[in-house]
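Asks: Taking numbering that gives the first Met the number 0 as reference, the numbering of the sequence shown is continuous, increasing by one, and the terminal residue is 114.
Hints listed in this document are in silico derivations from the structure and should not be mistaken for laboratory results. Do not take every clue at face value.
Said to hold, decoys possible - Below, in silico cross-link-like pairs of lysine to any residue (SDA-like), each with a Cα-Cα straight-line distance of 25 Å or less:
#1 K33 - V103
#2 K4 - L21
#3 K74 - N3
#4 K74 - F27
#5 K33 - V66
#6 K74 - L21
#7 K33 - G8
#8 K33 - E110
Unchecked claim - Just the calculated beta-carbon pair ranges, DEER-fashion:
#9 S81 - L21: 14 to 24 Å
#10 V90 - S48: 18 to 28 Å
#11 D105 - E23: 25 to 35 Å
#12 E72 - A108: 16 to 26 Å
#13 A108 - G22: 30 to 40 Å
#14 G63 - G39: 26 to 36 Å
#15 S55 - E82: 12 to 22 Å
#16 G22 - D105: 25 to 35 Å
#17 E109 - E23: 27 to 37 Å
#18 E104 - G22: 30 to 40 Å
#19 R34 - V62: 16 to 26 Å
#20 V93 - S48: 31 to 41 Å
Keep in mind that this is a model prediction, so the values were computed, not measured. We treat Cβ as the ideally placed atom computed from N, Cα and C, and that holds for glycine.
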Amino acid sequence: MIINKQQIGDSSLLAVEGVIKLGESARFLADALKRSLSDGDGHVLLDLSDVNYMDSTGIGELVGYLVRLRAEERKLILVRPSERIVQLLTVAGVASLFPTYDTVEDALAEEAGGT
0 MIINKQQIGD
10 SSLLAVEGVI
20 KLGESARFLA
30 DALKRSLSDG
40 DGHVLLDLSD
50 VNYMDSTGIG
60 ELVGYLVRLR
70 AEERKLILVR
80 PSERIVQLLT
90 VAGVASLFPT
100 YDTVEDALAE
110 EAGGT
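Turn these sequences into a full structure, and let the hints steer you where they fit.
Replies: So, in structure tokens, the structure goes:
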């Protein structure tokens, strides 16, 4: 798994490549989200366009950090999730919890000022 972080204004963009599942990849994602949380970044945009698989552990990490960010009036925003990832989140009953956009530009335009 590869995660590239880019600062965009007050928000951070984490571009994730690979799979998110029980073990090292889920911990790697959790560490990246934890750093964004502790760095005091604004909203966290998670580009999932290059994630081809996520298991329940990955979903759990997303929900856990969604709750932590909301407690600080920040958002975890999903960008370009594949249809498969959207289906997994829907089956898990959590898809509606996440603001989701087709592009980073759309996410930034819609969520600007909400930090």
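Asks: Against this structure, judge whether each hint is valid.
Replies: Now the hints, each set against the structure:
Of the pairs offered as hints, the one joining K33 and V103 holds, with about 21 Å between alpha carbons and a cut-off of 25 Å not exceeded. For the hint pairing K4 with L21, the CA-to-CA distance comes to about 22 Å; that is within 25 Å, so the pair holds. Distance restraint check for K74 and N3: the Cα-Cα separation of roughly 19 Å lies within the 25 Å cut-off, and the hinted pair is therefore satisfied. For the hint pairing K74 with F27, the CA-to-CA distance comes to about 20 Å; that is within 25 Å, so the pair holds.
For the given pair, K33 sits about 12 Å from V66 by alpha-carbon distance, which is consistent with the 25 Å threshold. At most 25 Å may separate the alpha-carbon atoms for a hinted pair to count; K74 and L21 meet this at roughly 24 Å. With a C-alpha separation of about 19 Å, the suggested pairing of K33 with G8 holds against the 25 Å cut-off. Of the pairs offered as hints, the one joining K33 and E110 holds, with about 21 Å between alpha carbons and a cut-off of 25 Å not exceeded.
The hinted range of 14 to 24 Å is satisfied by S81 and L21, whose Cβ atoms lie roughly 20 Å apart. A C-beta distance of roughly 20 Å is found between V90 and S48, which places it inside the suggested range of 18 to 28 Å. Separated by about 32 Å at the C-beta atoms, D105 and E23 satisfy the suggested range of 25 to 35 Å. Our hint of 16 to 26 Å for E72 and A108 holds, since their Cβ atoms are close to 19 Å apart.
The hinted range of 30 to 40 Å is satisfied by A108 and G22, whose Cβ atoms lie roughly 36 Å apart. Between G63 and G39 the C-beta distance comes to about 18 Å, which lies outside the given range of 26 to 36 Å. At about 18 Å, the CB distance of S55 to E82 agrees with the hint of 12 to 22 Å. Evaluation of the 25 to 35 Å hint for G22 and D105 yields a pass: the beta carbon distance comes to about 33 Å.
At about 33 Å, the beta-carbon gap between E109 and E23 stays in the expected band of 27 to 37 Å. A C-beta distance of roughly 34 Å is found between E104 and G22, which places it inside the suggested range of 30 to 40 Å. In this structure the supplied range 16 to 26 Å holds for R34 paired with V62, their Cβ-Cβ distance being about 18 Å. At about 19 Å, the CB distance of V93 to S48 disagrees with the hint of 31 to 41 Å.
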